[in-house]
Structures are given as C-alpha cells and as structure tokens.
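Work out the full structure, taking the sequences as your base and the hints as a guide.
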Amino acid sequence: MLDNPVFLSFVFYSVLLILKMYIIAIITGQVRLHKKAFANPEDAMRHGGTQYYREDPDVERCKRSHHNDMENIFPFLFLGAIYSMTEPGLFFARMHFLVFFLGRVVHSVAYLCALKAPTRSVAYVIAQVPCFSMLLQILYAVGVQW
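Here the working numbering is used: the first residue of the sequence shown is 55, the next is one more, and so on.
Rather than coming from a laboratory, the hints here were simulated on the basis of the structure. Honestly, I wouldn't trust all of these hints.
Claimed, not checked - Lysine-lysine pairs mimicking DSS-like chemistry, simulated, CA-CA at most 27 Å apart:
#1 Lys74 <-> Lys117
#2 Lys170 <-> Lys74
#3 Lys90 <-> Lys74
Rendered as structure tokens:
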C-alpha cells in the first residue's frame, strides 16, 4: 500500500484530521479549565469545589464540535481507505481528500467561533460531497467486480 500514491495522500489527510480532532479535545479541556466547568466531581474538587461540577455553554459547544467530528471523520476514514483501493486517479483522489479536510476545518472553526449561519452548514455539506462521491465510486467498483 505504501507504493500507492492515492493511499499515501489519504494517509496524509487522515493524520491531519486526527490531529485536528486532538486539537479540538485540547481546546475543550482548556475551555473547561478557564470556565471552571468540570464533568466529574473529583475534577471539580481539585479545582475549587463541587460548585464547579457543572455544564457550561462554551464547553458544550466544544464537545458538540468534537462529537460532530467523530460522526463525520470516522466514516471518511473507512470510505477513503476503501476508495484508495479502487485505483482512482491521483488528482481526483487528492481533491476528494483535500475538500473533505478543508470542509471539516472550516466546520470546526465555524462551530468553535460561533460564526454566522450558514457557514457551518455549508462547510458540512461541502465536506459530505467527496464522501458521497467516494461511496458511489466504491459501490460501482464493487458492483462491477461482484
């Protein structure tokens, strides 16, 4: 697989997406600390008392962004890996991976910064287009072989 340039491109963008997810997790933790809004009583006790065992809208926004990443990036990882095996053209494959990556980055920024609608929704849809395209191409490739 390492001699397949499409797969290498997929790996590159996948690693960037996982890094982005780690960054969102770190941001969530930092917002928790800054807002003193902890999910566990033992954490609240360590940082001032049980009154900080609470929810906060900014922390919840970060968590929703991270959750949305999991709902979308995990399927991309599966689709992209299988798509890479269907021998697509390198340019088009890279465009699929790049568009998804950029769409997810814009989506996260829009979510975390509460950007004006419909920025987040448009970014979501843009990122779904290459996933849907890969899905159809995989089904076609499997259907032809099956």
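Hint check:
| no. | hint | result |
| --- | --- | --- |
| 1 | Lys74 <-> Lys117 | holds (14 Å) |
| 2 | Lys170 <-> Lys74 | holds (22 Å) |
| 3 | Lys90 <-> Lys74 | holds (24 Å) |
When each numbered hint is compared with the structure, no violation occurs for any of them.
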